[in-house]
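Peer 1: Can you build the whole structure from these sequences, using the hints too?
Each protein sequence line maps, in turn, to chains S and H.
Going by the numbering used here, the first residue of the first sequence is number 31, and it counts up by one from there.
Going by the numbering used here, the first residue of the second sequence is number 3, and it counts up by one from there.
Calculated from the structure, these hints are not laboratory results.
The model shown is predicted, which means the values in this text are computed figures rather than measured ones.
Incorrect hints may appear among the rest.
[Unchecked claim] Derived coverage of chain S by chain H (criterion: at least 3 residues anywhere in the stretch with Cβ under 8 Å from a Cβ of chain H; other residues may be distant): (1) 325–334; (2) 343–351; (3) 430–438.
[As the list claims (entries may be wrong)] A short, non-exhaustive set of chain H residues, derived as facing chain S with CB atoms under 7 Å: (4) Asn86; (5) Leu110; (6) Lys136.
Every residue gets a Cβ at the ideal spot worked out from N, C-alpha and C, and that includes glycine.
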Amino acid sequence: MVHLGATIQIAIRSLRANKIRSGLTTLGIIIGVAAVIAMVAVGSGASLQLSNQIATMGSNILIVLPGATTVGGIRAGTGTQSSLTIDDAEAIRRECSAVLDVAPFSTGSAQVVYGNQNWFTAVVGTTPSMFSIRDWNLTSGRSFTDQEVKNMAKVCLLGQTVVENIFGQEEPLGKILRIKNVPFVVIGVLEKKGQTPTGQDQDDTVFVPITVAQKMLFGTNLPGTVKMIMIKAKSAEELPLAEKQVNDLLRQRHRIGPKQDPDFTIRNLTKILETARESVRVMSFLLGTIASISLVVGGIGIMNIMLVSVTERTKEIGIRMAVGAKTWDIRLQFLMESLILSLIGGVLGIVLGIVVSKSISSLAGWPTVISPFGILLSFSFSGFVGIFFGFYPAYKASMLNPIEALRYE
Amino acid sequence: MALIEVSNITKVYRVGDLEHWVLKGISLSIERGEFVVIMGPSGSGKSTFMNILGCLDTPTSGTYRLEGMNIGGLGRDELSEIRNKKIGFVFQNFNLIPRMNALENVELPLLYNGVTKRNRRERAKRALELVGLKDRESHYPNQLSGGQQPRVAIARALVNNPAIILADEPTGNLDTASSEDIMALFSRLNAGGITIIIVTHEPDVALYGRRVIRFRDGMVIADERRSPSI
Numbered sequence: 031m032v033h034l035g036a037t038i039q040i041a042i043r044s045l046r047a048n049k050i051r052s053g054l055t056t057l058g059i060i061i062g063v064a065a066v067i068a069m070v071a072v073g074s075g076a077s078l079q080l081s082n083q084i085a086t087m088g089s090n091i092l093i094v095l096p097g098a099t100t101v102g103g104i105r106a107g108t109g110t111q112s113s114l115t116i117d118d119a120e121a122i123r124r125e126c127s128a129v130l131d132v133a134p135f136s137t138g139s140a141q142v143v144y145g146n147q148n149w150f151t152a153v154v155g156t157t158p159s160m161f162s163i164r165d166w167n168l169t170s171g172r173s174f175t176d177q178e179v180k181n182m183a184k185v186c187l188l189g190q191t192v193v194e195n196i197f198g199q200e201e202p203l204g205k206i207l208r209i210k211n212v213p214f215v216v217i218g219v220l221e222k223k224g225q226t227p228t229g230q231d232q233d234d235t236v237f238v239p240i241t242v243a244q245k246m247l248f249g250t251n252l253p254g255t256v257k258m259i260m261i262k263a264k265s266a267e268e269l270p271l272a273e274k275q276v277n278d279l280l281r282q283r284h285r286i287g288p289k290q291d292p293d294f295t296i297r298n299l300t301k302i303l304e305t306a307r308e309s310v311r312v313m314s315f316l317l318g319t320i321a322s323i324s325l326v327v328g329g330i331g332i333m334n335i336m337l338v339s340v341t342e343r344t345k346e347i348g349i350r351m352a353v354g355a356k357t358w359d360i361r362l363q364f365l366m367e368s369l370i371l372s373l374i375g376g377v378l379g380i381v382l383g384i385v386v387s388k389s390i391s392s393l394a395g396w397p398t399v400i401s402p403f404g405i406l407l408s409f410s411f412s413g414f415v416g417i418f419f420g421f422y423p424a425y426k427a428s429m430l431n432p433i434e435a436l437r438y439e
Numbered sequence: 003m004a005l006i007e008v009s010n011i012t013k014v015y016r017v018g019d020l021e022h023w024v025l026k027g028i029s030l031s032i033e034r035g036e037f038v039v040i041m042g043p044s045g046s047g048k049s050t051f052m053n054i055l056g057c058l059d060t061p062t063s064g065t066y067r068l069e070g071m072n073i074g075g076l077g078r079d080e081l082s083e084i085r086n087k088k089i090g091f092v093f094q095n096f097n098l099i100p101r102m103n104a105l106e107n108v109e110l111p112l113l114y115n116g117v118t119k120r121n122r123r124e125r126a127k128r129a130l131e132l133v134g135l136k137d138r139e140s141h142y143p144n145q146l147s148g149g150q151q152p153r154v155a156i157a158r159a160l161v162n163n164p165a166i167i168l169a170d171e172p173t174g175n176l177d178t179a180s181s182e183d184i185m186a187l188f189s190r191l192n193a194g195g196i197t198i199i200i201v202t203h204e205p206d207v208a209l210y211g212r213r214v215i216r217f218r219d220g221m222v223i224a225d226e227r228r229s230p231s232i
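Peer 2: If you want it as structure tokens, here you go:
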């Protein structure tokens with residue numbers, strides 16, 4: 031048996047004898063590996079981005095919106111009817127066993143003023159539950175209490191965007207902010223939450239007790255009505271049960287018969303995002319598959335060129351057999367050649383793949399995630415491709431009849 | 003015990019229903035240290051016989067014993083090992099590998115015998131020195147003259163200390179002067195104790211042999227021993 035070092039030397043020497051051919055064959059593997067790495071990076075980037083968005087929404091959340099109004103045959107759209115009340119929210123909290131917490135919303139927009147600064151922003155009236163439902167923490171100060179909601183305390187919490195635009199470097203805690211000319215004391219600042227999947231800046235918001243929003247800022251058509259109720263289920267498994275319980279309860283409270291359309295809508299945000307996540311997953315899988323196909327095509331290129339090489343070197347094989355090369359000596363020689371081609375292709379492909387991923391990130395602005403696991407995987411896959419597609423030519427070479435091989439011209 | 007002992011060897015090729023008898027029952031034995039020339043017209047079966055002696059081919063029937071070992075029924079790798087250890091080939095067109103220099107060509111049998119790199123180098127150099135090509139080690143085959151190429155082939159044949167050197171028309175492509183050189187080299191090696199078997203159809207070459215076996219139509223028609231005339 032030939033020493034491994036000698037086998038490697040023989041292989042490198044014969045690859046160098048055909049530099050252009052070896053280079054082009056390697057290019058097939060380079061492109062394949064680079065494609066796998068770049069596509070996997072794009073796929074994991076997309077799913078990471080989505081996971082982050084899901085995390086900012088809070089998990090296991092249902093949203094109940096009032097139904098649509100119809101005035102003179104014109105239907106005004108979801109949320110225009112004043113059919114949901116704070117009492118509904120309380121009833122849901124009390125009676126639905128799968129519900130962990132409930133937060134009603136009364137929202138609007140207003141010009142907020144501090145000193146000589148002003149800013150147009152979203153004003154959300156809600157209860158302290160909202161912050162725990164959405165896993166939204168404070169960076170400073172405190173949240174308002176249930177007691178302050180009940181007492182209509184004029185206090186507010188600010189999102190980061192509002193802080194930046196109104197206060198700049200100034201400390202906002204304890205300052206008086208005027209919303210629609212009503213003075214509010216800033217008692218807390220919320221941590222940065224980022225954008226929703228639809229691109230809304232969640233930090234461009236001022237939070238006030240819902241009672242204050244209803245009575246002093248936006249008013250209500252009917253006493254106690256709310257624009258939205260946010261519900262957190264006890265767990266992901268209980269989310270469908272919670273949806274059913276809320277639906278049954280509200281139908282009963284609003285006296286809606288089994289055949290009638292309800293005057294409210296329940297939206298399952300997690301479900302929507304899960305669907306998006308699923309489509310990202312499918313997309314990543316497709317991208318990876320297509321990229322893998324190009325790697326396989328590169329492997330076929332190796333096999334093709336190795337077959338040519340075996341035919342060209344039939345005589346050399348015959349000589350080697352005549353002086354004592356055994357089946358596996360010949361086989362290993364050709365396997366080593368295809369393995370070296372594919373591993374060189376693998377290494378260069380990894381470099382190219384990383385470069386391409388970074389370029390996609392900076393040019394197209396897509397996030398990409400290059401995982402060491404993906405690199406290792408595509409490198410070993412390229413090695414596997416080299417051995418798999420190199421085996422048949424190597425086998426063919428080792429099975430030549432020495433006499434016929436020697437006669438070959 | 004004879005070095006080579008063949009008894010009633012046949013080689014039959016089948017093409018469709020046709021049987022082509024290339025060897026029709028050859029029996030002979032060759033002792034250690036002999037210098038044998040096998041002669042015959044083309045198609046007489048001498049090359050096929052040579053391939054069988056060289057373990058490149060196996061007979062259809064009959065037995066072939068090399069150093070007492072029965073070659074029939076051995077597998078590819080076992081035959082490879084016998085070629086490597088016991089037989090040195092000198093082919094008609096020398097069959098040097100063009101991408102390798104003289105030294106590397108000579109090293110080749112040692113490579114497949116698992117000899118370490120340093121030993122390979124040393125033994126290959128010694129073999130090249132023996133055939134008078136000490137200063138041509140790093141030349142590639144196409145940089146060697148017509149008379150030097152067979153010397154490299156001979157160096158390769160004897161580098162692994164084989165029991166036999168088999169040469170197939172070694173002077174077929176050479177001018178008279180080179181032919182004489184090469185044959186003188188074979189004689190010298192034979193004098194050193196190596197068994198040499200040469201296949202040729204040149205009567206001049208046959209003069210160097212101490213035993214001439216003539217083939218015709220797959221059979222031995224003459225087997226003469228004599229003292230070499232040159």
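Peer 1: Could you work out which earlier hints the structure fails to respect and list their numbers in ascending sequence?
Peer 2: 1 and 6
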